[in-house]
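Visitor: Protein chains in written order, with our numbering: chain A, 1 to 371; chain B, 1 to 529; chain C, 1 to 304.
It is worth saying that the hints were derived from the structure and are not from the lab. Be careful, since some hints might not be right.
[Said to hold, decoys possible] Part of the chain C face toward chain A, derived, beta carbon under 7 Å:
1) A136
2) S148
3) F150
4) R167
5) R176
[As the list claims (entries may be wrong)] Label-pair distances were calculated between CB atoms; the ranges are:
6) B:R515 / C:N96: 31 to 37 Å
7) A:Y57 / B:D413: 46 to 52 Å
8) B:L507 / A:L339: 39 to 45 Å
9) B:R515 / C:G168: 28 to 34 Å
10) C:S178 / A:V338: 54 to 60 Å
11) B:E227 / C:S43: 50 to 56 Å
12) A:P131 / B:K287: 53 to 59 Å
13) C:S43 / B:V498: 45 to 51 Å
All C-beta atoms, glycine included, are put in the ideal place defined by N, C-alpha and C.
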Amino acid sequence: MQASSSNQVHRSSHRLEPVLSKAGWLAFCSLLTIACVVVPILHAALPTSSALQIPTYAVTILGKFACFAMAAIAMDLLWGYAGVLSLGQGVFFALGAYAMGMNLMLSIGSSGVYRSKLPDFMVFLDLKTLPWFWRPFDSFWFAIFAALAVPGTLAFLFGYFSFRSRIRGVYFSIISQAATYALMLLFFRNETGLGGNNGLTDFKNIYGYSLQSDATKVALYILSAAGMCGVYILARWVTTSKAGRVLRAIRDQEARVPFTGYNVVHFKVFAFTLSAMVCGLAGALYVPQVGIINPGELQPANSIEMAIWTAVGGRGTLVGGALGAWLVNAAKSWFTVVLPEWWLYILGTLFIAVTLFFPRGIIGVFARSKA
Amino acid sequence: MVGCVFSTATHAALADTWAADVLALGASDVNEQVRAVNRIARRGGTEAIALLEALNDTSLQIDSTGAAYRKRSSGGVVPIGPHSPMPPKPPIMAPVIDNELRRALEMTLATLRLTSPDSRVRRRAAEEIARQPNDSLAPVVRQMLVSERDVHVRRALALSLAWVDVESLDPSVRIKALLAIADSPGTAFKPAVERILSQTEHRKPVEVDAQVRAAASKALSAIRWLETWTNLLSNLFYGLSLGSVLLLISLGLTITFGLMRVINMAHGELLMIGAYATYVVQQLFLKYLPNHSDWYLVAAVPAAFFAAAIVGTIVERLVLRFLHGRPLETLLATWGVSLVLIQVVRQLFGAQNVTVANPAWLSGGIELFAGFVLTFNRAAVILFSLAVVSFVWFVLSRTNLGLQVRAVTQNRDMAASMGIATHRVDGWTFAMGAGVAGLGGVALSQLGNVGPELGQGYIIDAFMVVVLGGVGNLAGTFAGAMGLGIATKWAEPVVGAVLGKIVILVLIILFIQRRPQGLFALKGRAVEV
Amino acid sequence: MNRILPQIDFGLKHLLERRSDAPPPNTGSSGVRKASWKKDTRSRVVAQARYDHLTRGRRAQLCVDDVSVSFDGFRALDELTLILDQGELRCIIGPNGAGKTTLMDVITGKTRPDSGSVFLVGDTTDLTHLSEHEIARRGICRKFQRPSVFQSHSVLENLELALPVGRGVFQSLFARLSSEQRSAIEQILEIIGLKEEREKRAGLLSHGQKQWLEIGMLLAQKPRVLLVDEPVAGMTHHEAERTAEILVGLAGTHTVVVVEHDMEFVRSIAQTVTVLHEGRVLVEGPMHAVQNDPRVIEVYLGVD
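Looking at chain A on its own, in the form it has when it is part of the complex (with noise of 0.2 Å):
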């Protein structure tokens, strides 16, 4: 046995999975490239009669694609990768929205429609100084810590109550989509104090920049970008590491964990965290490239169609995750234009078909063809 061990050559410690193979690496790499550095340029320098100039709205849609694709890879990596189904990932999503919004109000100052230090809603609903929890959201980067806190919180309290009951599986779905409707309504109420069910709107700028300008607008768009990378490269990370075989573990055999000496709950708690603040963060990006929020977004059926990204890209792939919330949000947006009663035709049966026909998603079909 001796012998074998030195006849392999090993540094004295490495991960066992590397987070990226050479291959990977490359591939990431250019597409990082491709997303924030050709997309701009092919945006910026061509002229706009050309066939190949992407045009302001075409940049910001894909900005606010890459946002639902780091949401996706975060849900991917609670459900793909720890098997935990939450029905609620929107509601973290729009937190983080929420948190950003309230920093873009504020950044209004006295120039909306009111002409008030205060947001135009609360002099519509006469409230005559800002409520407590708004006031640190004049900070920008307290928006930021706030969209990442926020969700985090939220789901560590949540995931840790419910996990340690053993609440799991389908229970835990239908326990988070509840909480979900719970919350909505809760934001739908004036009292409140988040704009009722007219949301936060009519921002007007971002960090001191302008939220009409091009520039504004592209900087977002790469950010989203870079986002949506980074949150990807994190997720690798986590999934190659000790850890990603673990919460597989609890995906694949939940029972059997405990009995090789990991504390199951302990673990799901860090995913559905971790999930969460992702989610913030995209939903914290998202809302200045939108420009608005409202307790519409909460609603259950937008988190159910996150899972439906994750599913049709290829769940427990990551990749997947990304690519299956491209494809979706392009074929909504086409849909509504083109064929709008055919859209929820469209996205019923694919929920149907992909659980029935491609349970492992686009990539399931293409790795299976490879294989």
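Given the coordinates of chain A, work out where chains B and C should sit on it, guided by the hints.
Guide: Just chains B and C now, kept in the frame of chain A:
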């Protein structure tokens, strides 16, 4: 008839002043009008009542000589009283009524009715006055009280006097008034009684006489007792009503989720299909059997059951059968089914709500006592839900199919090895669950709006009831639904509807975390999916 | 209306109860701790006097003290007391429903007993208050009836997961495989004979190979006590012999408890045999004594 008999001699003389009064009714000055009304009222008699009633419902027409007529809805006029010759002499005018006149008129009419020979009319009038305080009527009421023999009318009259007497300078009168209130309490008296028991800002009692205060406390406790009971019964009734709705929508889910372990996200849409089936049956009845249109509900029950059962069976055969043992995939697939179903209904029936009317025998209600109305449609839903539960229990525990269903759900392999066709049993079970959901839709159609998204609003509640009650458990579902209904109705007046719903949801989530197996756990079974 | 599902009574009651007695871990059963709804008022620590009494005069390793477990009226374990000595190889046998798997469940923390305690020598903590992973970290490791390796992980990854390092969330995120750990894994691969299959997905192994992999995982955990539930079920004669070799080799440095039905296998490895019946210890002793005991013959039809 307690009225005045006019001798022919005074006829003409009275007629003059009568005509003058009638003409005064058409005056432009409201005060003159009110005075005229009072004069006419003092005369009394059926003619006066008829005249004032006509004035009240704006059908009064006055001709130039001061004769009164009533305009008929079918055209033309009829004379009021013997003093009005036909045809009326033009110019004919209709008096203008403003709110002040209307108020005086209504009071006056009430008083006049108090002198009616019909005791029911008198009683209604007295109760009307008792509800709305009017100091100026007090003398009339006192007078009536003296000569009134009917006990109900007396009580109502005493009550209406209580309004005034409570403020009387004589303490014994005040006491009598308060005792009258204690006898037949009403929430309207509460502020007056509370004021008597209150204290000034120097913490001195407003009411000096201790005996009066004692009588007032009696009155207040009587009022509170009434309020408590009214609230209790009201909450109970509305809670049971909501609970029965929750029961109906969750019963189907207990069967499919509890017995088959199938998460059916399209369950709400099965409810919706049942509601729309009811609508279709109503339309068919209106078109082909208009004379019996109220009985559409009877035909709708089986129609909704079968419509939902058929849709459920299609879903089960085409989708669920292949996802056996994969609950998360079932969840997502059935969500897709629900999207498709909603869109189909939207395209067939439009995105707007459709109206399903309560048949006449279900409309309205009875007022058991002040403030609490037992509506028939809700009572019917409660009874209906009990009937459906009994039906399901019967099928499951007494029929062959039920036995097979229970066998398959307890131990599928064992049941298969005993020769039970498990696939067929699955189909029947799901169809039954879907059918029961359809029945739930019938009930929903009677209580609220019917639109393509009807089911979406109930699916979460349904799941909560099932999970709360303990999955796969009829008793648990029953307890969960009723408990949830009553709890929600109790929370609503305290925190409002939306916040109440949020609080209830949060409480359920916390409860489930504490006790995942629900209220009535199946013994010996782990909570697993 | 309390029970919508009454008992199916076709004389197969005990079969059904065995099912609920030992839910297989692969099916994702939640393993709800029995009677966890009631507040646990028992002491978390074993009384010193009792500890001394049980461990006196022997080199004990694990004590099961007066444990009782009831499922819905059925008494699975009935004031069972069992003491395992250091380094011994104990076989536990008994007819169906005797409580063998429940005993393992109690020791590993899957089921909480109604009364009684379990403790490791050297520590008075009552293990029945701990969760499964805490017990596993204390060196009590279990191999399940049906091989429950992690199917979508490779053989190597399975063994890496079993290593007793980097078990916390943050530790496992940053965990790296040191060369000592690598060589430990290689050693185990050698022992269980899966060196060539190290990159193969565990789900693709044969039944016997899966059993060995699971034993390998047990070894990787560096346990003090190994609980092995029916290790040779479904194995060929040859594989069973190999398994016997492995287990006998482990005894001495580890305490090994084997639950088995296969009498030939038991005979080939047993030092001391404990016979359980209806939740109690019926007979305990060397194999030949147990085999010829009339009580055992009476309850355990099928002993050849």
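Visitor: Each hint should be assessed against the structure and marked as holding or not.
Guide: Tested hints:
Interface hint at C:A136: satisfied, since its Cβ lies 4 Å from the closest Cβ of chain A, which is below the 7 Å cut-off. Evaluation of the C:S148 hint against chain A yields a held restraint, the C-beta minimum of about 5 Å falling below 7 Å. Because the smallest distance between the Cβ of C:F150 and any Cβ of chain A comes to about 5 Å, under 7 Å, the interface hint for this residue holds. Proximity of C:R167 to chain A holds as hinted, the smallest CB-CB distance being about 5 Å (cut-off 7 Å).
Annotation: C:R176 was flagged as interfacial toward chain A, and the flag holds, the nearest CB pair being 4 Å apart, inside 7 Å. For the pair B:R515 and C:N96, the supplied restraint of 31 to 37 Å holds, since their beta-carbon distance comes to about 32 Å. For A:Y57 paired with B:D413, a C-beta distance near 59 Å fails the hint of 46 to 52 Å. Between B:L507 and A:L339 the C-beta distance comes to about 44 Å, which sits within the given range of 39 to 45 Å.
For the pair B:R515 and C:G168, the beta carbons lie near 29 Å from each other, so the given range of 28 to 34 Å is met. At about 59 Å, the CB distance of C:S178 to A:V338 agrees with the hint of 54 to 60 Å. Checked against the hint of 50 to 56 Å, the pair B:E227 and C:S43 passes, with Cβ atoms roughly 53 Å apart. Here the CB-CB span from A:P131 to B:K287 is close to 57 Å, well matched to the stated 53 to 59 Å.
Take C:S43 and B:V498: their Cβ atoms lie about 48 Å apart, and the range 45 to 51 Å holds.
Of the numbered hints given earlier, the model fails hint 7 alone.
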